[in-house]
Amino acid sequence: MRVERLELRVMIDFTEEQIQRYSRHILLQDVGVEGQEKIMNARVLVVGAGGLGAPVSLYLAAAGIGRIGIVDADVVDLSNLQRQVIHFTKDVGVSKVKSAEEKIKAINPDVQVDTYYEFLDSSNALDIIKEYDFVVDGTDNFPVKFLINDACVMAGKPYSHGGILRFNGQTFTHLPGTACYRCMFKEPPPVGAVPTCSQAGVLGAIAGMLGTIQAAETLKYFTGVGELLTNRLLTFDAKTMQFRTIPVKHRDSCAICGSNPTIDHLIDYEQAACDLKRN
Amino acid sequence: MAKIYVNGDVQEVSLPLNVSELIQQNNVQQPEMVSVQVNEEFAEREDWEQILLKEGDKVDFLYFMGGGSI
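Order-wise, the sequence lines are chains A and B. First residue of the first sequence? That's 1 in the working numbering, and the numbers climb one at a time after it. First residue of the second sequence? That's 280 in the working numbering, and the numbers climb one at a time after it.
The calculated DSSO-like cross-link candidates involving lysine-lysine, where the alpha carbons are at most 27 Å apart (straight line), are:
id, chain 1, residue 1, chain 2, residue 2
1, A, Lys186, B, Lys337
2, A, Lys239, B, Lys282
3, A, Lys186, A, Lys157
4, A, Lys220, A, Lys105
5, A, Lys220, A, Lys130
6, B, Lys282, A, Lys249
7, A, Lys249, A, Lys220
8, B, Lys337, A, Lys249
9, A, Lys186, B, Lys333
10, B, Lys337, B, Lys282
11, A, Lys186, A, Lys249
12, A, Lys130, A, Lys105
13, A, Lys249, A, Lys157
14, A, Lys103, A, Lys38
15, B, Lys337, A, Lys239
16, A, Lys38, A, Lys130
17, A, Lys103, A, Lys220
18, A, Lys38, A, Lys220
19, A, Lys130, A, Lys157
20, A, Lys105, A, Lys90
21, B, Lys333, A, Lys249
Label-pair ranges, simulated between beta-carbon atoms:
id, chain 1, residue 1, chain 2, residue 2, range
22, A, Asp268, B, Leu294, 44 to 50 Å
23, A, Arg43, B, Ser299, 42 to 48 Å
24, B, Asp288, A, Asp268, 37 to 43 Å
25, A, Pro109, B, Glu311, 46 to 52 Å
26, B, Asp326, A, Gly226, 34 to 40 Å
27, A, Val94, B, Glu291, 52 to 58 Å
The set of hints was computed from the structure by calculation and includes no laboratory data. A virtual CB, placed ideally from N, CA and C, is assigned to each residue, including glycine.
Please model the entire structure based on the sequences and the hints provided.
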């Protein structure tokens, strides 16, 4: 019966081209037609169309995510091209969201792309996030990382955190009720204390390593396959290629997701001066 | 001497040793940038000097990592 039903659904929901396009997903026992359909009905917000957002968007587009929103207020700079593989040399000077939209559409015309050519801040975060089922943090600075965390916790949205620096990366996945960024790091570091990639540098391929983990987590979330990186912080050092998952617990005293949260509104933390040049 | 595990690797340390001292011994450049777990429980920064480590403890340093977009 199950097989018949699946075949019927294939005939109804999928075109021949889609069956062919997504055949390697459909072949996976854990994904199949049903999983692919979930992917195609999914709405994902990618914040930052840079080092992490590039691989995330490319893989999610290729996978057939139905709707991808991209938030970024930047234009493509020549120094981005060493790692932000969704942007090409011809795109220098073009807004990152437009450049990313063009590549996503080229990979997979079925994907609906929403572009937000603006910074995510306390005034727009909840409005933008509410349109999506899952959020991917591909941002480069702590104020926005905390903003995404707080907004997702408040809105009850799952999200993938990602950070890279030099030869290192870290990521975890948050679902409502599991450890959040503030459980691990209470508040942003003092302005200028932690270098961003623009100050410290990053090996380009590191962005791909971490971004593809985030994309995989996103697809796992929608298909229900396996175990997400919840209550675990995955870190790696590409110099040694050592990967570690550190168990982390939801903190009951967490200011945003604890039992007595003290944060009841979104906060725009001050950014390091070097990050303000983007304006 | 006692064995403790720092970021998954075993270290031989002399007791008594508190979390602040362990951070110094590990040459953590910017302690203010590190979040610390002892035996999978977060240790509040203000408690670091009071938390005495013992044989077999597992300590994790979690570092802020920012980059991604620029």
